[in-house]
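Chemist: Could you fit the two chains together into a complex? Lean on the hints.
In order, the protein sequences belong to chains C and A.
Heads up, the first sequence is in the numbering used here, so the first residue is -12 and it goes up one at a time.
Heads up, the second sequence is in the numbering used here, so the first residue is 11 and it goes up one at a time.
No wet-lab data here; the hints were simulated from the structure.
Keep in mind that a hint or two might mislead.
[Said to hold, decoys possible] In silico contact screen, one side only, chain A against chain C (beta carbon under 8 Å); selected entries:
#, residue
1, 363
2, 608
3, 612
4, 615
5, 631
6, 634
7, 645
8, 690
9, 697
10, 723
Each residue gets a CB set at the ideal place from its N, CA and C atoms; glycine is no exception.
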Amino acid sequence: MAVPLLLLTACEREPQWVPMPPQQVFNPQAEPARYLTFIRMNDTKAPAFLSADINPGPPEGVGWRWTRQRPELKFTLEETQNRRVVWNFGITPATFRQTGPVTITFFVNGRMLDRVRYAEPGDRHFEKPVAAEWLKPHQPTLIAAQIDPVFVSPGDGVKLGIILASAGIIGPGEKAE
Amino acid sequence: MPQAFYIAFGAAFTVAVAIALGKLLLRGLHLRFYRQEETLFAFVSGAAILHLIVFALLTAQIARKGVFLAAGAAILAFAIRKGVHRPRGASLPPLPKPWQWMFGIVFAIYCFLYLSNAMAPEMSPDGSGYHLGLVARYLREHGFPRITTNMYANLSEGIEMLYVFAFAFGRHSAAATVHLAFTIALPLLMLAHARRNGFPVAGAGGALFCFLSPVVGVDGTSAYIDVAVTCVIFTVYSLVHIWLAERQPRLLIPIGLVCGYTYAAKYTAFLAVPYALALIGWKLWKIGRPILRPLATVTAFAVLMMAPWLVKNWIVVGNPFSPFANRWFPNPNVRISFEKEYIRQMRDYQIKDRSKVPIDVTVYGGMLSGMVGPLFVLTPLSLFALRWPAGRRLVFAGILFFLPYFSNIGTRFLLPSLPFFSLAMAMVFAQSKAVLPYLIVVHALLSWPHVLRIYASEFCWRLQRIPVAAALRISKEEDYLALRMPDYATARMLETFTPPGARIFAFSGLPEAYTTREILTGYQAGFNNVLNDTLWTAIWDVNLAPKGRQEFRFPKQSLLGFRVRQSATGTDQWSLNEVRVRLNGAEVPRSPQWRLRASPNPWDIQLAFDNNPVTRWRTWEAIRPGMWIEVDFTTPVTADAVLLEITRDQWQTKLALDGRLPNGTWTPLAPSPNEDEVPPMRGLRRAAIEEFQRRGIHYLLIHDSDPGADDFLTKSRVWGLTELAQRGDARIYQITLGEPSTP
Chain C
-12 MAVPLLLLTA
-2 CEREPQWVPM
8 PPQQVFNPQA
18 EPARYLTFIR
28 MNDTKAPAFL
38 SADINPGPPE
48 GVGWRWTRQR
58 PELKFTLEET
68 QNRRVVWNFG
78 ITPATFRQTG
88 PVTITFFVNG
98 RMLDRVRYAE
108 PGDRHFEKPV
118 AAEWLKPHQP
128 TLIAAQIDPV
138 FVSPGDGVKL
148 GIILASAGII
158 GPGEKAE
Chain A
11 MPQAFYIAFG
21 AAFTVAVAIA
31 LGKLLLRGLH
41 LRFYRQEETL
51 FAFVSGAAIL
61 HLIVFALLTA
71 QIARKGVFLA
81 AGAAILAFAI
91 RKGVHRPRGA
101 SLPPLPKPWQ
111 WMFGIVFAIY
121 CFLYLSNAMA
131 PEMSPDGSGY
141 HLGLVARYLR
151 EHGFPRITTN
161 MYANLSEGIE
171 MLYVFAFAFG
181 RHSAAATVHL
191 AFTIALPLLM
201 LAHARRNGFP
211 VAGAGGALFC
221 FLSPVVGVDG
231 TSAYIDVAVT
241 CVIFTVYSLV
251 HIWLAERQPR
261 LLIPIGLVCG
271 YTYAAKYTAF
281 LAVPYALALI
291 GWKLWKIGRP
301 ILRPLATVTA
311 FAVLMMAPWL
321 VKNWIVVGNP
331 FSPFANRWFP
341 NPNVRISFEK
351 EYIRQMRDYQ
361 IKDRSKVPID
371 VTVYGGMLSG
381 MVGPLFVLTP
391 LSLFALRWPA
401 GRRLVFAGIL
411 FFLPYFSNIG
421 TRFLLPSLPF
431 FSLAMAMVFA
441 QSKAVLPYLI
451 VVHALLSWPH
461 VLRIYASEFC
471 WRLQRIPVAA
481 ALRISKEEDY
491 LALRMPDYAT
501 ARMLETFTPP
511 GARIFAFSGL
521 PEAYTTREIL
531 TGYQAGFNNV
541 LNDTLWTAIW
551 DVNLAPKGRQ
561 EFRFPKQSLL
571 GFRVRQSATG
581 TDQWSLNEVR
591 VRLNGAEVPR
601 SPQWRLRASP
611 NPWDIQLAFD
621 NNPVTRWRTW
631 EAIRPGMWIE
641 VDFTTPVTAD
651 AVLLEITRDQ
661 WQTKLALDGR
671 LPNGTWTPLA
681 PSPNEDEVPP
691 MRGLRRAAIE
701 EFQRRGIHYL
711 LIHDSDPGAD
721 DFLTKSRVWG
731 LTELAQRGDA
741 RIYQITLGEP
751 STP
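Looking at chain A on its own, in the form it has when it is part of the complex (with noise of 0.2 Å):
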């Protein structure tokens, strides 16, 4: 059978099963929807649940294709057991011919080119990256396995777990097809909400200004989610603006279930749990009802739909919000430097010149990746719309959702916004009777992939054609994303040259979607962090070399431990190498008896204790008072100075030493360290490899571009490397540590 059968088949069967589990959640509350509705309805809340039961295949170690279709037929026969297939409810109010025309036409062509990239083979970046790499683990090892070294998987992946089911038969591209069916869904639910609420022109209008926005098309038809969470926010605001007018207590159940899952969908979209329950509330008290059961419904189906991914956190990685929260969550696998530095390069993708980011966001694209279109420099007279109800509602709702996009400045951080302000817009074009339709042309003309490419940034992420022979596979997918994606060919080199189950240690991310070898990529997790520098230490950076020595020196006395403390506050972090005890200017040999302890992280402290000058113990977070690590002798020790060998990226430190006497008491020993420091040493790159093989790493991916990717290349007998292959700029290097050749 062809793969765009497979491909098309995955994607139609996860909706569809999400449809048959919404229409029977819906019906079975008994709700009352007009017809058009409540298949949209239907999707987004049965979504939710089959969110659910991938996550609890996964958990059970079950996800197998077999049972995802075993499972998906059962509920679809059940569905149409129970009638579901058969159309309910009165129709919404109709949309004018001329308009049901213009929508029609401009929604089936744009439909079209969107269908073509979803089905071409994945090659966003987040999507072939963690998106899908994670999900094509989760089905090479049938359930979740216990990743703590990729803080990708922190996330909450209420989206990925329909491409879970989705790619278990069509692989990538049906994963990117189901994104395709939420992007589809989202004008239509505007659509459909306009027509109830007595403004369908402006609807279909507003429906169309999103749904043809560059970065809805580029980001919609990829295995992103960012698209799928926005309708499953405009899903909330649509059904809670149906409870506020129509009050059904059942409804307040899909609510609930939705609501969670914008939390389940990702982090940032969890506002449209507060903002539900503040306007339930509010109504409720307005018409002086009972407040705490309905608010406590929407609140127990929302958590049914968020604790799985809290719990599933807290086991795995001790922190049910990583990568965020790390200071009230502290633990390895995700350092608190590492989070304040990703939120702050979020926020400002280093860009200099704030007032440069509307003009990029909506016609050039090319800082932060992609473009809401030309025609969002109209966004503003949307406020005009505050004239209305309805647009007041939109307008407060488009804010509310805005709001997030401060933490991620990245253009499609807008889009759970997009919807809104649609709408608004329409509203106020739609009074006069030829602007609307005009707008429509002009913004589908510049938002297609050809266009673009005249007035966009070259660095612009948008759709760049309208790849039908790709789609159904008449062109090979290998040479459609070894022409297209560069770190493809990386990626399938590591399946030739590295054995199956091989840890392959990377400075940069890679297409994870394309191997089944694990990267360990240094930024995204603790320990992978530990690896990173144990590299770069190595590599004798002028600050990063251990060539720092200071030395805590005290009359000669007995000591059952000692203390060093850390007093300063400041931006540096604090670290240690080496910690040796002296005795008349010779180390005190360490016993196994010793204990070590350390606050903050206490998880490395071995690394300043293991005789290994790569390795160091970091408080990885900025020094702050009450910092300190400590060493039990457990029996009585004599000696006369403390040793630190460290780095010299730490000059805000202040340090004293305090000792702890025979009879348990602590005594100040001394209250600042002698400085020194050595020359260089050699022997640090082995030391390095070695601390790799020790953690059972045998492979490096280094790319041209990495720093310090000449030293690798240029001295990889030095490092003990063997380079296996070389694909681009990237090169494959198997720690070999043989004896050297000459050159």
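Next comes chain C alone, as it looks inside the complex (with noise of 0.2 Å):
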């Protein structure tokens, strides 16, 4: 019985009028134009900016991540002039008693960005400009590098290349330390 005398009242009413709404100030330039565009591997963010080839897990030691052979990274840029792409990576002794010389490609999009042989290990800092044709604001730019040789583990053959400080895209002005 209650349910029918309830669908008798479910019926759709005329709707009501209501007031104009307060009006919002929409000021895009009230959103800062910045995107993170320079990771240190030991911030909580680092794990996002990571495409492929490098540990997600925690970071280890004082903060640095092994990468494989082909370590990417992600990022997304406001501005795409007279920007540099920055990597700080280290080459270990135990690896590099294994490996010898090891050369390593940088790319950017895709294209290759410089190619670096480092006779030595070490802790490495690489720094280029990057012509601003490669780069596409609002949308993700890749950064990578090739490793050649890397270390492959006796044991279970597991593959690795350099240690990984930080990494990024940074305009002028900025340091990437």
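Modeler: Laid out in structure tokens, this is it:
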């Protein structure tokens, strides 16, 4: 009995008028034009930038991550003019003993930016300007490094490249250490 | 006092009060039962009454531990004074001795397993989510708050009312242990029914078939409600068949109460009401007795149990059957599109191949959350029970209560039919002396947690262990939960990093029973849907970006108002981020005198006129002819265009513009709009977050697996968010909207 009574009341009534709401101020410039384009591997946000061949788990030691053969990171750029690609990494003596000198080829969006041969182990800093035409604003930009040769673990066959401390794309006046 | 004591006290006190209330009712009505039956019927009918008492206390906003203690003690004292604690009635026909041993041993072993799990810290998904999340909130606020942002609060909560009573003393595990009381009562009711009706051996077998089922074990020992609902349904069945045999007129009162309690416990159990009415009516018609009065008695007492939930929903969310029937009762709290999608998901669980369902619900349990056990592969054999009248009754009831399964194919939705098929199967197997005991032993072995580990799916929802130390709180509750329940740490993180009273938006659900903060889960209510939609629009998804432009152009003229009509039928929803009136290429400033309305969804129309591109008015249902929005200028306005700023997820719409002339007549202005698109714009994320602030929400909880999680993480400063903490894959952000710092 209750159900039919309820259903009788279940009709769509003529909608009521409502007043004009308070007007919001929409200001595109209020949103800062800043995307994070350089990331340290011990930053809690780092995993979100890792695209391939970089250990996504917790950072090791003082804040670095092992890479494999072709580490790749993904960033979004607001500006494309006067950008520089930066990699801060290390070649460990332990892996160097097996690999010997290491050649690293750096890429931006699949295009080769540079090729560098590292004849000694130790901490390394790579930095090089990148042409604006290679970059697009508001779209994913991929930076990658092809490592040759890589260390192959005798035990389990795992390939290890470099220990990455930080990487990214920076603008004029920005430092990446 | 140790926590285990409070858990045991909370559960035992609740069950004792329920039994006392039930006995007062049954003996007050001078009903005759067998001794073993009376306590079981008293428990279930008393639970129905206790649920109403708790409902009343919550409505009166006086739900406190002291009030429950006083009320419960008074009920117990009154019951003892009336002498209802003394057993009464003859004993049921006995079970053969070997079967007494077999039933007793297997039942006792599983009772121990189940008790240890029920008393262990509560970690079931829905139990720690909404069942106890709401219970805890009711107790914090000492009554029903007006909840419009959680559709689970709109479901009937007849079993949860008992959980409120128990939770006040023993918290989460006390509630789960009350559920265990129903889990234990169910096989005893089945056995009592079988002994009364002359098939005690099959009754013992059927009761164990049901009781040992893995899904009964895991559901019935957590703060879910399904086994309790099954127990209530079986009580209706038993009482109705006692009435059919004896026709004690006063028995119709507890039948009505327990029938109504099925609806109060779970909507899908409502079938018990027409089932009881039909059988009683059919019997009376067959013997030529008056039908109306008995049926009116059952109906009246059933309505007594159901009405509070209908009325509560009607008052709070504008729909007595919420979260369903929203097309009949349109309201802003549960969207029609959500209801449709929710029902669709419950019906298919995204399972493409339906032929895999039977094997999954019986043997693997990985796709549909649990399994009834390999024994139930033999369920079709229960049809052989059709040879006997009692078997026919059982199979008929089993089929009837199986029907709602098609509305939700999760394994636990098989539970209401499980006791009936269990008994019918056991009747068939009891024809051979050896088969039934053999099957019971095999079923008991196959249902044991350590054996299940061998053959069940790793994703099967089932009991995992015998957690005696955790049940007795010898090991710490926090450690137990933190190890086994990833989002427990997330819930506790909210306690640490947000202030009391904080409202937190999340895309996915949390164990709300372990936080005192209000979680607004994106899908759970109309208000939350708008927040969810706002964030998505701001992320500039290809389809959800407000980049579409539809402009109706018409000769410059003076108008009193206009109406945009939608005339197509399709699956898309119609939405408008902004509607602007234009003259000579410039916007006519919106006047505070203008009035707005829309059909459907009149509640959100202001979102299309708030100058915020990320908020939008949506139909929240698939397009159909007759949808419209209307603006009344109240005084004539000169215009030559109306511009709609829209998202690109509505290709099927067909729009036209009508204008209201200064003389009050309506005239077509433009049969269709010109289409265009604008390039990406900045500022949407900030606009979205400002909308959150305006709605009083200052925190976002984002899991790494949530869509768009990377955007919040990498562009938190762009959003105006500050990450406060991370636990596992969940991060809590505070809306700060401060000046960004250089990366």
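Chemist: Which earlier hints can't be squared with this structure?
Modeler: 1, 5, 6 and 7
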